[in-house]
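**Q** Given the structure of chain C, go ahead and fit chain A onto it with the hints provided.
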Amino acid sequence: MEVQEVIKNLKSQIIEQLNLEEVKPENIDANAPLFGDGLGLDSIDALELIVLLEKNYGVKIKDPKEAKAIFASVQTMADYVVANSK
Amino acid sequence: MEAVMLLLFLKRYKLETSITSYCKIKNNTVVVNDKQYFKGTESDELSAFLGALYKQMDLSYPKFFKMDKLCKLGTLATELVIRNNIDLDNVPKNEIALVFSNNSSSLESDRNHANSISDKENYFPSPSVFVYTLPNIVIGEIAIKHKITGENAFFVSGKFDADLMHNYSSILLQNSAISTVICGWVNVDGNSSEAFVYCIKNLNFKQENNVFQKQHNLQQLYSL
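Those sequence lines, one after another, are chains C and A.
Per this note's numbering, the first sequence runs over residues 1 to 86.
Per this note's numbering, the second sequence runs over residues 1001 to 1224.
Simulated from the structure, these hints should not be mistaken for laboratory data.
There could be a bad hint or two in this list.
Beta-carbon label-pair distances, calculated as ranges [what the hints assert, rightly or not]: (1) A:Pro1092 to C:Leu47: 31 to 37 angstroms; (2) A:Ser1118 to C:Pro33: 34 to 40 angstroms; (3) A:Leu1059 to C:Asp63: 39 to 45 angstroms; (4) C:Lys8 to A:Phe1124: 19 to 25 angstroms; (5) A:Asp1089 to C:Pro33: 31 to 37 angstroms; (6) A:Ser1060 to C:Asn56: 28 to 34 angstroms; (7) A:Glu1095 to C:Asn56: 44 to 50 angstroms; (8) A:Glu1095 to C:Pro33: 34 to 40 angstroms; (9) C:Ser43 to A:Ser1060: 20 to 26 angstroms; (10) C:Lys55 to A:Asn1175: 48 to 54 angstroms; (11) C:Gly40 to A:Asn1175: 24 to 30 angstroms; (12) C:Val3 to A:Lys1145: 37 to 43 angstroms; (13) C:Lys86 to A:Lys1093: 36 to 42 angstroms.
Built from N, CA and C at the ideal position, the CB exists for glycine as well.
Bound-form chain C, shown alone (with noise of 0.2 angstroms):
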């Protein structure tokens, strides 16, 4: 799996869980923050996003401590997937 295959997914997949009718996945910058200033996300979204992971990707977040880092942004979340999926 690509990094920028997986990224793209991402995009869509983020913005149809998460309900951002307004973002269109071109708008997402996939360096910028997930949280605070970028997309504005809060905690449930970040539940979320756990379970996107886990439903699209079979990725399970191993070490709650890792989910700030991996999270950050699409990029992360993207990395994060290709070195841990199956």
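**A** Coordinates of chain A only, in the frame set by chain C:
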């Protein structure tokens, strides 16, 4: 005990209150203070209708799209009540109470959640669906949007209970720092939906600048 005493007091010295604005949403039609504000296409599903109403109101609130139908309906109806209520901007947020009711609780989201966990082979409960499996979340969404910090209550009853709503609002107005109560009946169950949200104040509220001065009977207004 205190509540019982207050109810007895209210029965003897009935507190006079005034509805200062109201919004009704039913059959894809929105009425605000006796005037039709918006009418959707009759064939519109509730989600499509609420999306069209959101655009008509020129709102910019991305969180709206994450809400379940009950919260969307309650949020839009309340927004119209607040927009059409002169003077509400000047009321401290801790003096505004939210008292809502319905008869289907959060059944729509409850069903969605149940469906999402029915297949043991594909078991992925959605946190953003689960979070709406309580009816009083609609009060939370409204309070967050308008930074309202006063009292709140949500009642589930078989039908709109005008006496309950009036008595509870009167107690708040009589016995607390509350000066304004936003009340509502917001119900979603399958294809059936209805919202009746209104703002109520003591009659000693200055009415000369009010856009909606009629002294409606609450049950009559609901049944219009």
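**Q** All the hints need checking, so say for each whether the structure fits it.
**A** Results of checking the hints against the structure:
A C-beta distance of roughly 35 angstroms is found between Pro1092 (chain A) and Leu47 (chain C), which places it inside the suggested range of 31 to 37 angstroms. Ser1118 (chain A) and Pro33 (chain C) have their C-beta atoms about 36 angstroms apart, which keeps the hinted 34 to 40 angstroms range intact. Take Leu1059 (chain A) and Asp63 (chain C): their Cβ atoms lie about 40 angstroms apart, and the range 39 to 45 angstroms holds. The given range of 19 to 25 angstroms is respected by Lys8 (chain C) and Phe1124 (chain A), whose C-beta atoms sit roughly 22 angstroms from each other.
Taken as a hint, the range 31 to 37 angstroms holds for the pair Asp1089 (chain A) and Pro33 (chain C), whose Cβ atoms sit roughly 34 angstroms apart. Distance hint check: the CB atoms of Ser1060 (chain A) and Asn56 (chain C) are about 30 angstroms apart, consistent with the given range 28 to 34 angstroms. In this structure the supplied range 44 to 50 angstroms holds for Glu1095 (chain A) paired with Asn56 (chain C), their Cβ-Cβ distance being about 47 angstroms. The given range of 34 to 40 angstroms is respected by Glu1095 (chain A) and Pro33 (chain C), whose C-beta atoms sit roughly 38 angstroms from each other.
At about 22 angstroms, the beta-carbon gap between Ser43 (chain C) and Ser1060 (chain A) stays in the expected band of 20 to 26 angstroms. One distance hint, 48 to 54 angstroms for the beta-carbon pair Lys55 (chain C) and Asn1175 (chain A), holds here, with the actual separation near 50 angstroms. In this structure the hint that Gly40 (chain C) and Asn1175 (chain A) lie 24 to 30 angstroms apart at CB is violated, the actual value being about 40 angstroms. For Val3 (chain C) paired with Lys1145 (chain A), a C-beta distance near 38 angstroms keeps the hint of 37 to 43 angstroms intact.
At about 52 angstroms, the CB distance of Lys86 (chain C) to Lys1093 (chain A) disagrees with the hint of 36 to 42 angstroms.
Checked against the numbered hints above, the structure violates hints 11 and 13; every other hint is satisfied.
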